[in-house]
Amino acid sequence: MTEASRFAPAVRQTSPAVAGREPANLGDILERVLDRGVVIAGDIRVNLLDIELLTIKLRLVIASVDTAKEMGIDWWEHDPWLTGDNRGVLEENRRLRARLSALEERLPLEPRRSEDDRE
Amino acid sequence: MTVNDTGTYLYAVSHDTGSPCPEDLTGVAGTNVRTVAYAGLVAYVSTVPLERFGAEPLRQSMEDLDWLGETARAHHHVVEEVAASRPTAPVRLVTVYRGDDQIRDLLSQRHDDFTEALARVTGRQEWGVKAYVDLTTATPADQEVAGTGGPGAAYLRRRQMSLRGREEAWRQAAAQAEEIHDALSSVACASRRHRAQDPELSGRKELMILNGAYLVERDRREEFAHMVDKLRGRGVDVELTGPWAPYSFTELADGQAEIHDDG
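Those sequence lines, one after another, are chains A and B. Numbering of the first sequence is given in the working numbering, commencing with residue 31 and proceeding in unit increments. Numbering of the second sequence is given in the working numbering, commencing with residue 182 and proceeding in unit increments.
Read the hints as simulated data drawn from the structure, not as lab findings. Among the hints, erroneous ones may be present.
Unchecked claim - Not the full set, but computed from the structure, chain A residues with beta-carbon under 10 Å of chain B:
#, residue
1, 54
2, 55
3, 56
4, 61
5, 63
6, 64
7, 68
8, 71
Keep in mind the model is a prediction, meaning the values are calculated, not measured. Glycine included, C-beta positions come from ideal geometry on N, C-alpha and C.
Full structure from sequences and hints, please.
Laid out in structure tokens, this is it:
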């Protein structure tokens, strides 16, 4: 098998009933092999949180590989359809809460009391 | 350097039907794909050098765009080949074990989870559907806005109108996406909505309003394709890809528990 054929885009089977389909592009492939599929921890630990970060970078990666290198780097913060996985955010949230309560324990209790008084 | 300097790279898991591994199947880094069968399941694997697939080398090469693209395509190719002939559970990119014994342990320990996942996708295929709208035509940005006050006030009013128009257009787009997703789901056994891709990623300037995956019975594929055709129009373009291996529908029952907290 030649190098070229190995990396050529996977051509979808065509059937007359299912016309007008697009061939698989690298973006669609990366989205699937990185974001989906069975997630099990192998012996070689690739930190799964790293992969989650990578899925953010992935959007940049695909743009770089498939199209152009010039693009803004903050667009995902404006994505209105964040229907995907938010585990990374939940994890960060959990850590921040833990840090917050640790900090609160070290502080005098006055600020919290005065807040309670208002109710 | 340790004595054992190779690992076993896992692509996918299927039922062990005794049929041989597809011949001349090439996986990541040009390696040959082979099978490891155990407990009625079969794993599609290849032997990879740890100097490239160890934790540290991987951390670096995952940042290498060309390497990532090549590896993803090679991984996907194996998954596709396997899925073409049998129910398949694709495994996430770069899942590497120390050796074949660890693969057998996995097949034994997660036997029921894999069996359940494979049952879910038997006789079914995954189809990808993306829907796009062109929001630029729906924004009344150039509209003349009457009112008192100086040019500053007029600017603010214009800006407000434009924002309101945009918001309304987005709301409509979201509702359309919902409708399309519901219609497609009615023909599918299962469906997932994934994060919409940015124009830079999709390669299209229109806004992607739906990035869906649908698990469809093999004998309903034409019905599904016709539904996709019917949903085109009204300013919405609908794009169909597939059939895909069932990447979006083979999560194991307790997959979440496998997330390790290094913090």
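Do the hints match the structure? See the list:
Checking residue 54 (chain A) against chain B by beta carbon gives a least distance of about 6 Å; that is within 10 Å, so the hint holds. Of the supplied interface hints, the one on residue 55 (chain A) holds, with its beta-carbon coming within about 7 Å of a beta-carbon of chain B, less than 10 Å. Interface hint at residue 56 (chain A): satisfied, since its Cβ lies 6 Å from the closest Cβ of chain B, which is below the 10 Å cut-off. At about 7 Å, the closest approach between the beta carbon of residue 61 (chain A) and any beta carbon in chain B falls short of 10 Å, and the interface hint on this residue holds.
A cut of 10 Å between beta carbons decides the hint on residue 63 (chain A): the least distance to chain B is about 4 Å, and the hint holds. Using the Cβ-Cβ criterion of 10 Å, the hint placing residue 64 (chain A) at the interface with chain B is satisfied: the shortest such distance is roughly 6 Å. The restraint placing residue 68 (chain A) at the interface with chain B holds, with a minimum CB-CB distance near 5 Å, inside the 10 Å limit. Because the smallest distance between the Cβ of residue 71 (chain A) and any Cβ of chain B comes to about 5 Å, under 10 Å, the interface hint for this residue holds.
The structure agrees with every numbered hint stated previously.
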